[in-house]
Amino acid sequence: MITKLGLATVWVLDQDSAKAFFTDTLGLEVRDDMTLGDGGMRWVTVGAKDQPDLSLTLMVPGPPTMDPDSAAHMKALIAKGVLGAGAFNTDDCQAEYERLSAAGVEFVQRPERRPYGIEAVFRDDSGCWYSLTQPFDELDESAPWNDCAT
Amino acid sequence: MESTASAPDTGVLRRMRVARDAMDREWAEPLDVAAVAARAGYSRYHFVRLFHEVYGETPGAYLARRRIERAQDLLRTANLTVTEICMLVGFTSLGTFCTRFKQLTGMTPTEFRRRARGPGASSIPGCFVLLWAGGFRKGGAAGG
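Residue numbers (our numbering), protein chains in the order written: chain V, 48 to 197; chain C, -5 to 138.
One or more of the hints may lead you astray.
[Stated by the list, open to error] Here are the simulated distance ranges between beta carbons:
no.	chain 1	residue 1	chain 2	residue 2	range
1	V	F135	C	G5	18 to 28 Å
2	V	E159	C	T77	23 to 33 Å
3	V	P111	C	E47	29 to 39 Å
4	C	G89	V	P111	57 to 67 Å
5	C	R108	V	D97	52 to 62 Å
6	V	P162	C	T77	28 to 38 Å
7	C	E47	V	T70	30 to 40 Å
8	V	D97	C	A29	40 to 50 Å
It should be emphasised that the hints constitute simulated quantities derived from the structure, not laboratory data.
Just so it is clear, CB atoms sit at the ideal spot from N, CA and C, and this is done for glycine as well.
Same shape as in the complex, but just chain C:
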């Protein structure tokens, strides 16, 4: 949002919020951007543009980020294979999961697990610092 004059009205914001809440609730389900757009009552194209304008990232990036956050925690704590974790957090393709994971964390899931469980690894799960509602990326301001 550049200024209040050009900001979407509260009705549009409400629909974006409903879509974002759906992703926060149902990240483990086979949810995709088209389904979320339909939930908000928009075509995919308009939904992606509006969501980015309101929350500062595309809905696809938001959903993937939330899923990767859960995957990071499962890799730290759960005795599951990378493939099992990939499916648990809502990805349908291991290739997409690994690519997204590396984009967001800078390492593969296997490397992440090795480091997270290695000696000297932090005992505080990273997700503790994230707001329950998903928060925002550090430095990734939604406004201005």
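Only chain V is shown next, with the shape it has when bound in the complex:
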């Protein structure tokens, strides 16, 4: 029996910059930051304070898990901005949008009312996009599914 998802991978271009973004800017906490052996892989994990049993590992594409050619492709996809890495929940989308915008976070979409909640979309410092959603208790079908129907 699988009991839960405990760790998910976020691919980043730079671990120092990503660690600062996810903690200082977004407000997540650092769970681990260690180097495995001399000159080995650096292991950095972060997570939301209210969710201690799910961590995100910030990984740079490359050895030992990825050959150089694959790593170069992966980095290009990250930087081009075509990868979505997840959806964060918030208790106040508008307030978080204002706080993070002021901190210099790039938003692709301002907070919009959707059937499932109020949602904005932002990018991390590497280029991956994330939903930032304040979920509704019940589906509101009067709200548009996307910004075409305005």
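Got chain V sorted already, so can you dock chain C onto it with the hints?
Below, chain C without anything else, positioned relative to chain V:
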């Protein structure tokens, strides 16, 4: 991008992404390719070449396509004239709007509206199938 060896580095890709995001956010504004190029920090010539290399279409074609997609939805759903919709989605010339619209959809805005609202018309807006970030044209691969 033909191969990773010749692909632009991540700094260049980031600037292309910032430009594309600006078009996705501000398509309704009077934004043109020169303004977007300036946002990315490039001359118009180099910007157009690099953007095409990275995303598989020119920035002008990308911006026009995004605007036409919005126009299609407004033509389906909104009680506005073709001229009003043309201006709402960021075109400044009705002639350019109609030409681009026909290039992309195969019909004029007026024909499109008549068909979209006619009997038997699909009740699912076409924009539902497009990714929120703009997606890519079917068969219009950016790579290879």
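Going down the list of hints, with the structure as the test:
no.: 1; hint: V:F135 x C:G5: 18 to 28 Å; verdict: holds, 27 Å
no.: 2; hint: V:E159 x C:T77: 23 to 33 Å; verdict: holds, 27 Å
no.: 3; hint: V:P111 x C:E47: 29 to 39 Å; verdict: holds, 31 Å
no.: 4; hint: C:G89 x V:P111: 57 to 67 Å; verdict: holds, 58 Å
no.: 5; hint: C:R108 x V:D97: 52 to 62 Å; verdict: holds, 53 Å
no.: 6; hint: V:P162 x C:T77: 28 to 38 Å; verdict: holds, 32 Å
no.: 7; hint: C:E47 x V:T70: 30 to 40 Å; verdict: holds, 35 Å
no.: 8; hint: V:D97 x C:A29: 40 to 50 Å; verdict: holds, 42 Å
Hint violations for this structure: none, all hints satisfied.
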